[in-house]
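The primary structure of each chain is shown beneath.
Protein chains: 2
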Amino acid sequence: MVQQDARLDRIFSALADPTRRQVLARLGTAPATISDLAEPFAISLTGMTKHVRVLEEAGLVVTEKVGRSRRCRLGTERLDDAMAWISFYQRLWERRLDGLDAYFTLRKGIEQ
Amino acid sequence: MVQQDARLDRIFSALADPTRRQVLARLGTAPATISDLAEPFAISLTGMTKHVRVLEEAGLVVTEKVGRSRRCRLGTERLDDAMAWISFYQRLWERRLDGLDAYFTLRKGIEQ
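Chain order of the listed sequences is L and U.
If you count the first sequence from 1, position 74 lands on 74 in full-length UniProt numbering, and the numbers rise without skipping.
If you count the second sequence from 1, position 75 lands on 75 in full-length UniProt numbering, and the numbers rise without skipping.
Watch out, some of these pointers could steer you wrong.
Note that the list lumps identical chains together, so a pair holds whenever it fits in one copy or between two copies.
[Unchecked claim] In silico SDA-like links for lysine to any residue, alpha-carbon gap of 25 Å or less: (1) 50 / 22; (2) 65 / 4; (3) 50 / 30; (4) 50 / 4; (5) 65 / 80; (6) 65 / 8; (7) 65 / 96; (8) 65 / 39; (9) 65 / 84.
Derived from the structure by calculation, the hints contain no laboratory data.
If we strip away everything but chain L, and leave its shape as in the complex, we get (with noise of 0.2 Å):
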C-alpha cells in the first residue's frame, strides 16, 4: 500500500507540470533526445534533463546513451493506476450528488 502510494505520488507530481506533459505528448509520437524535447522551450540542457529524469523516475520515460546524446521514448507506465484512482473518486463524486438529490427530493416533499 505505501509502495502503491509512493508510486502515485510520484506519477501524479510528475503529471504536475505543463513541459513535462508536453514532452510525454511529444515522445508519444516519436523517441528524441535530450536537445529535440528542449528545443521548443525556453529551457537549458539540464533543465529539460531535470524534467526528463522526473518523468524516467515515475516509469513515464525511459532513456538510453547513444553516443554524446540521451534518447528519451515513452516508459512501461500506462497510467492504469492513476486512471482507476481518478476513476474511483468520480465514483464517489456522483455519490455524493446522488446523496444531494436525495436530499433535495427529500426536502421537496417536506416543504410541499
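With the hints as your guide, set chain U onto chain L.
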C-alpha cells in the same frame, strides 16, 4: 491554454500526496471538520489545514466556517480534464506499441 495548464498543475499536484488522496476518499462518504480529517492521521490540525487548502485551491474541496470549526466537503472539480489528459496519454502509449509492432513485423519480413 496557460490557465488550463495551471489548473491541471494544481489538480495533479493536489493528488500527489497519500494524505490528500485519503482526505478526498473520506469526504466522498460525508462532509467532515478539519479535526475529523486529522484524527486518523498522525498529523496536527495545522498540517491538515494546509493539505485541505491545497485541495481547496485545486477545486477539489470546499470549506465553510460552522461555529468554531471548518466544515469540508467535496468541491465542484470532477477531474474530467485530468481524466481526459490521462486518456489522451494512453492513446499515445497504445499507438507507440502499434508502432513497435509494425517495426518488428517489418524486421521479421526482412530477416526471413
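Verification of the hints:
1. With identical chains, the CA atoms of residue 50 and residue 22 are at most 25 Å apart within one copy only, with a shortest distance of 15 Å there and 29 Å across copies.
2. With identical chains, the CA atoms of residue 65 and residue 4 are never at most 25 Å apart, being 29 Å at best within one copy and 35 Å at best between copies.
3. In this assembly of identical chains, residue 50 and residue 30 lie within 25 Å of each other by CA distance solely inside one copy; the values are 20 Å within and 40 Å between copies.
4. For the homomeric pair residue 50 and residue 4, the shortest alpha-carbon distances inside one copy (24 Å) and between copies (23 Å) are both at most 25 Å.
5. Neither within a single protomer nor between protomers do residue 65 and residue 80 lie at most 25 Å apart by alpha-carbon distance, with minima of 28 Å and 37 Å respectively.
6. Within a single copy, residue 65 and residue 8 get their C-alpha atoms no closer than 27 Å, and across copies no closer than 32 Å, so neither meets the 25 Å cut-off.
7. Only between protomers do residue 65 and residue 96 lie at most 25 Å apart by alpha-carbon distance; the minimum there is 20 Å, versus 50 Å within a single protomer.
8. In this assembly of identical chains, the alpha carbons of residue 65 and residue 39 lie at most 25 Å apart only when taken from the same copy (19 Å versus 49 Å across copies).
9. In this assembly of identical chains, the alpha carbons of residue 65 and residue 84 never lie at most 25 Å apart, being 34 Å within a copy and 33 Å across copies at closest.
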